[in-house]
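Using the numbering used here, the first residue of the sequence shown is number 204, and each one after it goes up by one.
Check each hint, because a few of them may be wrong.
[Unchecked claim] With a cut-off of at most 27 Å between alpha-carbon atoms, the simulated DSS-like pairs for lysine-lysine come out as follows:
id : residue 1 : residue 2
1  : Lys403    : Lys527
2  : Lys403    : Lys629
3  : Lys724    : Lys629
Please keep in mind that the hints were generated in silico from the structure rather than gathered at the bench.
A quick note: this is a predicted structure, and the numbers were derived from the prediction, not measured.
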Amino acid sequence: MTPSAAPPPKGPSGPSGSQASLVADKGLRSGALGLFSSTVIGLASTAPAYSLAATLGVIIAVVGLQSPVVIILAFLPMFLIAYGYKGLNQVDPDCGTTFTWASRAFGPHTGWLGGWGIVAADIIVMANLAQIAGQYGFQLVGAHGLAHNALWTMVAGVVWIALMTWICYIGIEVSANLQKVLLTVEVVMLLVLAVTALVKVYSGTAPGTSLHIAWSWFDPTRLRSLDAFTTGILTTVFIYWGWDSCVSVNEETADRTRTPGRAAVTSTVILLCVYLLVATSAQSFAGVARTGIGLANPDNASDVLSNLGNEVFGSGTGGQALTKLLILMVLTSAAASTQTTILPTARTTLSMATFKALPAHFARVHPRFLTPTWSTVGMGLASAVFFVLLSRVSENLLADSIGSVGLMIAFYYGLTGFACVWYFRKVLHLGPRTLWTRGIMPGLGGVLLLYFFVNACVVYAAPDYGSTSWTLPFPPHWQLGGVFVTGMGSLVLGGVLMLVYRVISPAFFRQEIIAVSAHEKDHAPDEKRP
Numbered sequence: 204m205t206p207s208a209a210p211p212p213k214g215p216s217g218p219s220g221s222q223a224s225l226v227a228d229k230g231l232r233s234g235a236l237g238l239f240s241s242t243v244i245g246l247a248s249t250a251p252a253y254s255l256a257a258t259l260g261v262i263i264a265v266v267g268l269q270s271p272v273v274i275i276l277a278f279l280p281m282f283l284i285a286y287g288y289k290g291l292n293q294v295d296p297d298c299g300t301t302f303t304w305a306s307r308a309f310g311p312h313t314g315w316l317g318g319w320g321i322v323a324a325d326i327i328v329m330a331n332l333a334q335i336a337g338q339y340g341f342q343l344v345g346a347h348g349l350a351h352n353a354l355w356t357m358v359a360g361v362v363w364i365a366l367m368t369w370i371c372y373i374g375i376e377v378s379a380n381l382q383k384v385l386l387t388v389e390v391v392m393l394l395v396l397a398v399t400a401l402v403k404v405y406s407g408t409a410p411g412t413s414l415h416i417a418w419s420w421f422d423p424t425r426l427r428s429l430d431a432f433t434t435g436i437l438t439t440v441f442i443y444w445g446w447d448s449c450v451s452v453n454e455e456t457a458d459r460t461r462t463p464g465r466a467a468v469t470s471t472v473i474l475l476c477v478y479l480l481v482a483t484s485a486q487s488f489a490g491v492a493r494t495g496i497g498l499a500n501p502d503n504a505s506d507v508l509s510n511l512g513n514e515v516f517g518s519g520t521g522g523q524a525l526t527k528l529l530i531l532m533v534l535t536s537a538a539a540s541t542q543t544t545i546l547p548t549a550r551t552t553l554s555m556a557t558f559k560a561l562p563a564h565f566a567r568v569h570p571r572f573l574t575p576t577w578s579t580v581g582m583g584l585a586s587a588v589f590f591v592l593l594s595r596v597s598e599n600l601l602a603d604s605i606g607s608v609g610l611m612i613a614f615y616y617g618l619t620g621f622a623c624v625w626y627f628r629k630v631l632h633l634g635p636r637t638l639w640t641r642g643i644m645p646g647l648g649g650v651l652l653l654y655f656f657v658n659a660c661v662v663y664a665a666p667d668y669g670s671t672s673w674t675l676p677f678p679p680h681w682q683l684g685g686v687f688v689t690g691m692g693s694l695v696l697g698g699v700l701m702l703v704y705r706v707i708s709p710a711f712f713r714q715e716i717i718a719v720s721a722h723e724k725d726h727a728p729d730e731k732r733p
C-alpha cells in the first residue's frame, strides 16, 4: 500500500489553508493513540534509566556537585523547544516534524538537513542502545563473562534491534501497549532506588562517602568554568532527548493537532522531576569522589545505576532481588528507547519520501498493520550495520560516536525552534500567548541550543577530548577530537547526500512540493485555550 500521491498545495496559499491541505494522507492508522499513550511514548523514548546509567557519571565528572542545577538548566531549552513543537504541530501535524516544518519556514535544503539530523542521531544512538541491551541482558541471567565479551554483546545487540524493529513493524498500538509496561517497571524501580538511598543517608546507614543534600548543589555560580558549564549542559541535554517521538506519531494520534503537543510538554516536565530526584539521591548516597563508589569514578561511568544498586540495596536476599530488578529496569529502558527510536525515524523518512525528498519506496505503508514498511525495516538494518561496523572497528570509536549525538540534537531541536518563530512571524502580534509560545519561548530555546552547539564544537574539536583523535589528510593537517569529527562528519555527509538526491529528484528542491511561506491565519481562539 502506498500513501496518497497528492502533495499539499504549493504556493503562499498552502500553509494558510486548512489543516487537511497541509498534511498528505500517508495511510497510517489514525486515532490509535490518546494523550496517555503519547506521553508514555515521549517518556519511554528518552529511556530515563538507561540515560542516567550511561551519563550521570559523565555529568558529575564534568560539573561535580552542581549536577542537580545542570539538570535543571538543561531542562530549560528542552521545555522551550517543546512549545515550538506544540505550536507547529497544531497547524501542521505531519509526522515529518522538523523536516516538514523547516521546509515550510526556510526552504527544502534546510528542511532536508533537519530530517537528516533526526535520522543520523537515531542511527548513531541505536548502536549504544544495542550495546547496553546486550550487556544487561547477559547480566540479568548471570552470564557476566558474556556481558564483557565484545562479540557476544554485538550479537545480542543485533538480535535486540531486530526484535524491536519487528514490534514497530506490526503496529503502533502494540508498540504503545508494550511501552506502558516497560515504562512502569522503569519508573517504579527508579523511585525505589532514590527513596531507599535517601532513607539510608538520613538514617545514618549509608557509606562514609555520603553527603546531605545542600542548597549549594543548586547554585549555578559554583560551576567550575564556562567550558564545564557548556559541556555539562550538552551532555545533560542528551538525557532529555527523545520526547519529540510523541510528536512524530501525530498522524496516528487522536486529536492530532493538540494531543502530541501537550504530550511533548508534559513529558519534559515529568522527566525533570524524575532526573532531579534520582540524580540528587544518588549523589547524596555515593558522593562525587573519583574512587570507590563515587559517581565520578571513571570505572563506574558507563554503568552508574548497576554499581549504585549493589550498594543501596545490599547483599541480602531482598537486596540481590532488587538489584536484579534494577538491571532489568535498565534493560527494559534500553528496549523501550530502541523501539521508540525506530518509530520517529521511520516516520521522518516516510514523510520525506511522501514529499519526494527520498525514494518512493520509503513511503510505503503496510496494508494490514498500517505502519511504514521500508522506512521501519530500513532503520533497523541501518542501525544494525552501523553498530556492527563500529563494534568491530573500535569500542573507543563507538564511545565517541555516542558523544557526538549531542551536536545533532542541538542542531535539529534548535532548527525547530527557529522554524517556529519564522513560520509564525506574521501572527505573533495577535496576542501575548501567541507571542510567547510561538515566538519568544521557541526562539530563546533555539538561541540557547545554537550557543551550546557552537561552544561544543570548539570543546569537542580539541584532540584530547574523547577516546579518539583524527588528523586531517590535507594541509594544515589539524588534529581533531573524534567526537567532533563524528558529529560534524555526520552533518557533512547529510549535505553530500542531499546534493546527490537533488540531482536525482529535483522537484522537492525546486519547491514544487513544499513551498516556503509564513503562517497568516488568525488563530485568536488559541489565546483562550488552557
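Here is how each hint holds up against the structure:
Straight-line distance between C-alpha atoms of Lys403 and Lys527 comes to about 20 Å, which keeps the hinted pair within the 27 Å bound. A distance of roughly 56 Å separates the Cα atoms of Lys403 and Lys629; the hinted pair therefore is violated under the 27 Å criterion. Of the pairs offered as hints, the one joining Lys724 and Lys629 holds, with about 9 Å between alpha carbons and a cut-off of 27 Å not exceeded.
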